[in-house]
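Chemist: Letter by letter, the chains look like this.
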Amino acid sequence: MAKEDNLLDNIVFLVISLVFFSILVLYVINISSGAFVLEQTYAKQLALFLDNSKPNTIISIEFTKAFELAKENNIAPEDIVKINNNYVIVQLTNSESYSYPYFSRLEVVNINYNEENDKTYLNLNIGSKDE
Amino acid sequence: MNKLFNKSGKLFSIWWILVMVIVTIGVVISASFFYSSYGDIRSLEAEALSIKINDCISNGAIINSELLTGCGIEPSFFETNSNYFVMVSIDDLKYKFGNNAFETDCEISKKVLRANNYPKCVEKEMNFNGKNIKILTGSNNFGRKNDLI
Chain P
14 MAKEDNLLDN IVFLVISLVF FSILVLYVIN ISSGAFVLEQ TYAKQLALFL
64 DNSKPNTIIS IEFTKAFELA KENNIAPEDI VKINNNYVIV QLTNSESYSY
114 PYFSRLEVVN INYNEENDKT YLNLNIGSKD E
Chain G
14 MNKLFNKSGK LFSIWWILVM VIVTIGVVIS ASFFYSSYGD IRSLEAEALS
64 IKINDCISNG AIINSELLTG CGIEPSFFET NSNYFVMVSI DDLKYKFGNN
114 AFETDCEISK KVLRANNYPK CVEKEMNFNG KNIKILTGSN NFGRKNDLI
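Chains P and G are the protein sequences, given in the same order. Start counting at 1 in the first sequence, then tack on 13, and there's your number in our numbering. Start counting at 1 in the second sequence, then tack on 13, and there's your number in our numbering.
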């Protein structure tokens with residue numbers, strides 16, 4: 014009886030420990046692929062693209078994960094990525110957005126999305142402020 | 014099952030629970046800190062700024078106080094307390110744009126191994142029409158989270 018009790022104790026201990034560490038791993042995975050990280054990633058990526066672009070360029074990037082997340086949170090497509098006074102603003106949730114500036118004298122003429130092979134792409138048409 | 018929460022602590026001792034609490038706090042704090050300032054692109058911005066000015070001067074832009082506008086750079090981001098800095102030195106003349114304090118900060122950040130809150134800087138030298146031109150650019154821009162509620 015004592016041996017069986019010991020085994021059961023060890024199994025329960027192992028299961029509880031495993032559950033605990035799995036929750037921690039899930040927490041890290043969740044935070045690393047969450048809205049805030051995606052908002053930062055895309056805002057910074059787009060700001061860098063704009064800093065390095067020339068007028069009359071079209072920037073096209075894969076945007077599937079962010080687009081789906083925004084759709085889940087009922088964010089209208091025209092509100093997901095906005096360019097305002099040289100700031101790229103990305104909003105994927107109803108509670109917050111993330112903005113990052115770009116220093117080029119460029120303006121975004123048009124922002125649109127297109128789907129291709131089950132992937133969503135974000136397209137920015139770039140024009141110059143000086144034209 | 015009596016050993017599971019035994020006071021003498023073979024399995025779930027107070028120490029094990031303490032370890033779990035410490036590990037949880039450690040993971041939560043470090044993950045939150047790491048992802049709250051995820052992806053530092055300051056050095057890439059400084060590099061982009063440097064390339065833009067370098068190309069612009071190579072294409073014949075006149076080096077004066079209007080250089081930024083002439084190079085397709087938004088001058089409103091280069092005011093005294095901004096997060097950007099550009100300095101173009103030609104002979105004994107220095108043209109500075111943006112946060113002038115970065116000139117010293119860039120020197121400091123070059124000398125120390127880790128200077129997280131100091132700007133990231135790029136220094137380049139070029140030769141144009143027989144003149145030696147030094148370009149120093151810096152960025153200390155972190156972006157901004159906007160609460161909508």
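Just so you know, these hints were derived from the structure itself, not from any lab. Where hints are given, some of them may not hold.
Derived coverage of chain G by chain P (criterion: at least 3 residues anywhere in the stretch with Cβ under 8 Å from a Cβ of chain P; other residues may be distant) [stated by the list, open to error]:
#	stretch
1	41–49
2	120–134
Derived BS3-like pairs (lysine-lysine); straight-line CA-CA distance at most 30 Å [as the list claims (entries may be wrong)]:
#	chain 1	residue 1	chain 2	residue 2
3	G	Lys-109	P	Lys-78
4	G	Lys-137	G	Lys-123
5	G	Lys-123	P	Lys-132
6	P	Lys-67	G	Lys-109
7	G	Lys-147	G	Lys-123
8	P	Lys-142	G	Lys-109
9	P	Lys-142	G	Lys-107
10	G	Lys-107	G	Lys-158
11	G	Lys-158	G	Lys-147
12	P	Lys-95	P	Lys-67
13	G	Lys-144	G	Lys-158
14	P	Lys-84	P	Lys-132
15	P	Lys-95	G	Lys-158
16	G	Lys-107	P	Lys-67
17	P	Lys-142	G	Lys-158
18	P	Lys-67	P	Lys-16
19	P	Lys-95	P	Lys-16
20	G	Lys-147	P	Lys-142
21	G	Lys-137	P	Lys-67
22	P	Lys-67	P	Lys-78
23	P	Lys-142	G	Lys-123
24	G	Lys-147	P	Lys-67
25	G	Lys-144	P	Lys-67
26	P	Lys-67	G	Lys-158
Quick list of simulated restraints, FRET-style, between CB atoms [said to hold, decoys possible]:
#	chain 1	residue 1	chain 2	residue 2	range
27	G	Lys-158	P	Lys-67	48 to 56 Å
28	G	Trp-28	P	Asn-19	17 to 25 Å
29	P	Lys-16	G	Trp-28	39 to 47 Å
30	G	Ser-102	P	Leu-39	52 to 60 Å
31	P	Asn-138	G	Asp-160	45 to 53 Å
32	P	Pro-68	G	Met-139	21 to 29 Å
33	G	Val-32	P	Asn-138	49 to 57 Å
34	P	Val-28	G	Leu-31	14 to 22 Å
35	G	Ser-26	P	Ser-73	38 to 46 Å
36	G	Ser-56	P	Asn-123	41 to 49 Å
All C-beta atoms, glycine included, are put in the ideal place defined by N, C-alpha and C.
Chemist: Would the pair Lys-137/G and Lys-123/G pass a check requiring their Cα atoms to be no farther apart than 30 Å?
Modeler: The hint holds at about 14 Å.
Chemist: If I claimed the Cβ atoms of Asn-138/P and Asp-160/G lie 45 to 53 Å apart, would that claim hold in this structure?
Modeler: Violated - the Cβ-Cβ distance for Asn-138/P and Asp-160/G, about 30 Å, lies outside 45 to 53 Å.
Chemist: Kindly confirm whether 52 to 60 Å is satisfied by the beta carbon distance between Ser-102/G and Leu-39/P.
Modeler: holds (53 Å)
Chemist: Would you check the hint for Lys-142/P and Lys-109/G, treating anything up to 30 Å between C-alpha atoms as holding?
Modeler: holds (23 Å)
Chemist: Against chain P, does the stretch 41–49 of chain G show at least 3 residues with beta-carbon separation below 8 Å?
Modeler: The restraint on the stretch 41–49 of chain G holds, since 5 of its residues have a Cβ under 8 Å from chain P and three suffice.
Chemist: Holds or violated: are the alpha carbons of Lys-95/P and Lys-158/G at most 30 Å from each other?
Modeler: holds (14 Å)
Chemist: Between Lys-84/P and Lys-132/P, does the CA-CA distance stay at or below 30 Å?
Modeler: Judged against 30 Å, a Cα distance of about 14 Å means the pair holds.
Chemist: Sort out whether Lys-78/P lies within 30 Å of Lys-67/P, counting only the CA atoms.
Modeler: holds (27 Å)
Chemist: Hinted pair, alpha-carbon criterion (30 Å max): Lys-144/G, Lys-158/G. Please report holds or violated.
Modeler: violated (44 Å)
Chemist: With a cut-off of 30 Å on the C-alpha distance, tell me whether Lys-67/P and Lys-109/G pass.
Modeler: holds (24 Å)
Chemist: Hey, Lys-95/P versus Lys-16/P, does the alpha-carbon distance stay inside 30 Å?
Modeler: violated (66 Å)
Chemist: Cβ-Cβ distance between Trp-28/G and Asn-19/P: within 17 to 25 Å?
Modeler: Hint holds: Cβ distance 20 Å, inside 17 to 25 Å.
Of the numbered hints given earlier, the model fails hints 2, 3, 5, 10, 11, 13, 18, 19, 23, 27, 29, 31, 35, 36; all others are met.
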